[in-house]
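Participant: Top to bottom, those sequences are chains A and B. Per the numbering used here, the first sequence runs over residues 1134 to 1447. Per the numbering used here, the second sequence runs over residues 83 to 331.
It cannot be assumed that every hint is accurate.
Stated by the list, open to error - Dumping the calculated BS3-like pairs for lysine-lysine here, alpha-carbon to alpha-carbon at most 30 Å:
{"id": "1", "chain 1": "B", "residue 1": "K270", "chain 2": "B", "residue 2": "K280"}
{"id": "2", "chain 1": "A", "residue 1": "K1259", "chain 2": "B", "residue 2": "K311"}
{"id": "3", "chain 1": "A", "residue 1": "K1415", "chain 2": "B", "residue 2": "K328"}
{"id": "4", "chain 1": "A", "residue 1": "K1331", "chain 2": "B", "residue 2": "K327"}
{"id": "5", "chain 1": "B", "residue 1": "K311", "chain 2": "A", "residue 2": "K1415"}
{"id": "6", "chain 1": "B", "residue 1": "K115", "chain 2": "A", "residue 2": "K1405"}
{"id": "7", "chain 1": "A", "residue 1": "K1405", "chain 2": "B", "residue 2": "K280"}
{"id": "8", "chain 1": "A", "residue 1": "K1277", "chain 2": "B", "residue 2": "K186"}
What the hints contain is simulated information worked out from the structure, not anything from laboratory work. Values in this document were obtained by computation on a predicted structure and should not be read as measured data.
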Amino acid sequence: MNRILVIAEHAGGRLNPSTAKCVTCARAIPQAEVTVLVLAADGAPVAAQAATLAGVARVVHTDNPANAQPLAAVLAPQIAALAGPYSHVLGPSTTFGRDLMPRVAALLGTSQISDIMAVDGDRRFKRPVYAGNAIVTVEVTSDKIVGTVRVASFEAAPAGGNAAVESAAPAAGIPTHTRFVSVSAGKSDRPDLQTASKVVSGGRALGSAENFEILYRLADRLGAAVGASRAAVDAGYAPNELQVGQTGKIISPELYLAFGISGAIQHLTGIKDARTIVAVNKDSEAPIFEVADIGLVADLFQVVPELERLLGAG
Amino acid sequence: MKKILVGVKRVVDYNVRVRVKPDGTGVALDGVKMSVNPFDEIALEEALRIRERGQANEVVVASIGPADSQQQLRTALAMGADRALHVQTDSTIEPLGVARAFLKLVERENPFLVIFGKQAIDDDNGQTGQLLASLWDRPQVTFASRLELGEATARVTREVDAGLETLDVDLPAVITADLRLNEPRYVKLPDIMKAKKKPLETLSLADLGADTREHLRIVRVGPPSQRTKGVMVKTTEELVEALKKKGLF
Ligand SMILES: Cc1cc2nc3c(=O)[nH]c(=O)nc-3n(C[C@H](O)[C@H](O)[C@H](O)COP(=O)(O)OP(=O)(O)OC[C@H]3O[C@@H](n4cnc5c(N)ncnc54)[C@H](O)[C@@H]3O)c2cc1C
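All chains, full assembly: derive it from the sequences and hints.
Facilitator: What follows is the structure, encoded as structure tokens:
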């Protein structure tokens, strides 16, 4: 049997959807028995949510005031102290997991396997390299396997579980050298970019933050999240958390609408798993058209208002 | 002496579209342009600015890799680093081995700050900084977009999925640089000449005594699945029709 420990991501008492995707990855490992670990100031509410995920055998929560914020240096020693009975320790390949899991791996004496996109066996996984231009199959030879799960590659585990919940108090020294100051989350009622089924995304062509507003309006009409290319973020047209790509968010919506985005490889890495890609670009040679399911060579400043109008009429 | 240690990796230039070798052993690297990992340039730029503000005296760059890595170290010296350390090896060292080698360099150099790029754009592992911080038992701030140094602490803002997070950490600490930390300077020709005279020390992994045992074995390298080219429409109306047909509008 493979005992898999999945580290839950959560904020404000809510389980992040990335956890349900990690559970699906964990269940793809042969003979998996999945435990979810919640580290929090008060973990019971999040643990209760994790317990409803199908395929989870057990949820453990570790409550400590120091766990109020997900500081890698604080969480890692507690995870390592609890890792003893497990063969695999997995976290999501979100900024939470990418920060935390290597810190755990070092404590367990191994390298992390980053961005697992497929499970090929107990110790064999596929992962992307070179911005997704090559896929490597990696065999992990260490005792313990520590990895991050590329959330765009896995469906969320459905509800329907009823796992046992227990608490644990690991004996681990908790450092005080790292202190949380603040987090400025772009408050928004829009769907979350990483889990939205539709995404409206804009590039450098938008030209200003004011112009970017037309994409927000369209997104709201569609119930979509908003994304951006790095060029748009660097130019200050959109906040950093909207960046899609190799070094931003990797997403897999049903529909991705790209306006004025050229389609650099670093951007395409982030949208490869989208079901349908629509590209609107003035330049018929733009590389985005090579991956688009539907392409339209046109001025976005004409197309976006027309879309709004047609949707309004529709 | 207040030192900053910066990691520099030789990688395939970001403009190159790499191809997988047909035999599945790796990607074709012959004659391909190599560069300093772009995130490491950002890391180095930050270190140089700290020194230029008088908050550090020396910037040391280090690379673990084949003999050719010296080209990237020379570029780093031309950007303004004071000194370079080259840990020469022809084997591919996995992240934990690299972090262990850096820990030995840290013990030798005693930096108050270590700055890495947040990921290398070749194997996209994104873990060396965190591994080092963990082994060294010091703070880490990953994905940094703003760094303010105090006497014994640093206030660092990081790019997280939710937005921006700010942390205070005690020094020494490990920082990993995100894209928006700064914009690296261009290297000028006279600096390239000057860089040739700057000290570059070559070490072996054996000199350092770092354990670089392997835990991740590459079984196969394959191409990604390709998306098929779709259809072109001529008007917004046609676009809406096509999306309605797919049930997406
Ligand atoms: C290390 C590294 C990491 C990177 N990571 C990322 C990443 O994560 N995500 C990312 O996106 N990029 C990333 N990049 C940057 C990437 O290489 C490109 O520079 C960037 O994606 C370009 O953004 P863009 O398509 O908006 O801009 P451009 O390439 O400038 O494209 C603008 C497009 O808009 C079109 N256009 C102009 N006006 C109009 C109009 N009125 N109507 C319609 N179309 C119009 C143009 O034809 C053009 O195709 C990274 C680069 C590096 C070096």
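Participant: Does each hint hold? Answer for all of them.
Facilitator: Checked hints:
1. Taking the CA atoms of B:K270 and B:K280, the gap is about 16 Å. The hint holds against a cut of 30 Å.
2. This hinted pair checks out: A:K1259 and B:K311 have alpha carbons roughly 25 Å apart, not beyond 30 Å.
3. The suggested pairing of A:K1415 with B:K328 holds, with an alpha-carbon distance near 24 Å, which does not exceed 30 Å.
4. The straight-line distance between the Cα atoms of A:K1331 and B:K327 is roughly 16 Å, inside the 30 Å bound, and the hint therefore holds.
5. Proximity of B:K311 to A:K1415 is assessed by CA-CA distance (about 18 Å); at most 30 Å being required, the pair is judged to hold.
6. Annotation: proposed proximity of B:K115 to A:K1405 holds, straight-line Cα distance about 25 Å (limit 30 Å).
7. Taken as a hint, the A:K1405 and B:K280 pair is broken in the structure, with Cα atoms around 44 Å apart against an allowance of 30 Å.
8. Restraint check: the Cα-Cα separation between A:K1277 and B:K186 comes to about 24 Å, which is no more than 30 Å; the hinted pair holds.
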